[in-house]
Amino acid sequence: MVLLCSLLRSGPDCRSAWCPDSKGSFSTTGSWTLGTRWHQDSWANPKPHSGSYRIVGPTLTQLGPKMIVNSALVVLTDLVAMLLANKMFRRHFYLLLSVLLVFGPALSLWVSQYSVFAKKTHFLYRMFLRSGWGWTCVFVGSFVLVLSFSGRRSITLSLRHLSRMLVAGALWLGFRKVLDLLGNATGSCYEALAAPLEGGVAAGQPQLLLREGESKAACLGQGMQWRGYEVSEDVFLLCLCCLLLVEEMAVFGSYLDVGGVTGSPLRILFLLCVLLLALWLFLLLCLLAYFPQFPTQLLGGALGCLSWRGLYQGWYPLGPSWYCPGRPGVGLLSTGE
Numbered sequence: 098m099v100l101l102c103s104l105l106r107s108g109p110d111c112r113s114a115w116c117p118d119s120k121g122s123f124s125t126t127g128s129w130t131l132g133t134r135w136h137q138d139s140w141a142n143p144k145p146h147s148g149s150y151r152i153v154g155p156t157l158t159q160l161g162p163k164m165i166v167n168s169a170l171v172v173l174t175d176l177v178a179m180l181l182a183n184k185m186f187r188r189h190f191y192l193l194l195s196v197l198l199v200f201g202p203a204l205s206l207w208v209s210q211y212s213v214f215a216k217k218t219h220f221l222y223r224m225f226l227r228s229g230w231g232w233t234c235v236f237v238g239s240f241v242l243v244l245s246f247s248g249r250r251s252i253t254l255s256l257r258h259l260s261r262m263l264v265a266g267a268l269w270l271g272f273r274k275v276l277d278l279l280g281n282a283t284g285s286c287y288e289a290l291a292a293p294l295e296g297g298v299a300a301g302q303p304q305l306l307l308r309e310g311e312s313k314a315a316c317l318g319q320g321m322q323w324r325g326y327e328v329s330e331d332v333f334l335l336c337l338c339c340l341l342l343v344e345e346m347a348v349f350g351s352y353l354d355v356g357g358v359t360g361s362p363l364r365i366l367f368l369l370c371v372l373l374l375a376l377w378l379f380l381l382l383c384l385l386a387y388f389p390q391f392p393t394q395l396l397g398g399a400l401g402c403l404s405w406r407g408l409y410q411g412w413y414p415l416g417p418s419w420y421c422p423g424r425p426g427v428g429l430l431s432t433g434e
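Using my numbering, read the sequence shown as starting at 98 and increasing by one per residue.
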């Protein structure tokens, strides 16, 4: 029970956890009590025989579903935050993405092409993949804003941390424009022939007629085929969003370790970001398995990893300054991590 208390408490106060009194007993009046706050001393700094620990809270018979859900929320977020804050996990997460990019297309040999995920009109693709950056910006931006403002109550600090989302968004839009120009410059549009020409294409060869002077968007909009050197924008976005989520959420574990102020809204936002990370990984795996395009997808993933490395391991460690927003957590934690 003492172990459960130490797991469930957050910060120096023992909130939402079963706590003992000064004699080591879990009962002060003959009944179990749910401790909500140490009124004299904290659990981390006890003062033996200097007074009794008075525990205020409902009895076990008064324990309701709300308190149970809150305790489960604290335990779950603490465990996930501890995993994401692990330096080994953060440093090698990109290797997981690399393994998926290299070996993911091999799953196409086993997956069924009649699966619902084999159709690009699936709800997940239409609802989330096409607006991937928007979902990431909303959830991660909300989490960063609430976390930074809860820690220091500074608008300036919160805006500085939010500026990382603006930088990533500008990078995403810039790369989209560059990739679009590259595709239009190196590709061509092909239209299927209605009937084979006399003495024309031999059997087994594609019956296509080359159409010059069209952009990729116009070609695909007319139901024709576009061929050229491409980089998968979807894979690039998913890899960038996954790495960004891990970097921005990793600071939550250190924030809890230094006794940062937390509440249910912040913990719920953290879990929503974790669910979004799981969704992006799942959609990335689906794209690689059901729509394998090995060269273009590999290039997209490599571009996403390079963008993350350039921002979070190259530029952000130089700040904070007028030209750099700094790393996640700078200004919130005493360690600067």
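Because the hints were derived from the structure by calculation, they are not lab data.
Just so it is clear, the structure is predicted and the values come from calculations on it, not from any experiment.
Heads up, some of the hints might be wrong.
Unchecked claim - Now the in silico label distances, taken between C-beta atoms and shown as ranges:
hint	residue 1	residue 2	range
1	L270	G320	21 to 31 Å
2	L170	Q319	18 to 28 Å
3	T218	A375	36 to 46 Å
4	Q319	V199	28 to 38 Å
5	M164	L278	37 to 47 Å
Note that beta-carbon positions come from the ideal geometry of N, C-alpha and C, so glycine has one too.
Tested hints:
{"no.": "1", "hint": "L270 <-> G320: 21 to 31 Å", "result": "holds (27 Å)"}
{"no.": "2", "hint": "L170 <-> Q319: 18 to 28 Å", "result": "violated (51 Å)"}
{"no.": "3", "hint": "T218 <-> A375: 36 to 46 Å", "result": "violated (22 Å)"}
{"no.": "4", "hint": "Q319 <-> V199: 28 to 38 Å", "result": "holds (35 Å)"}
{"no.": "5", "hint": "M164 <-> L278: 37 to 47 Å", "result": "violated (57 Å)"}
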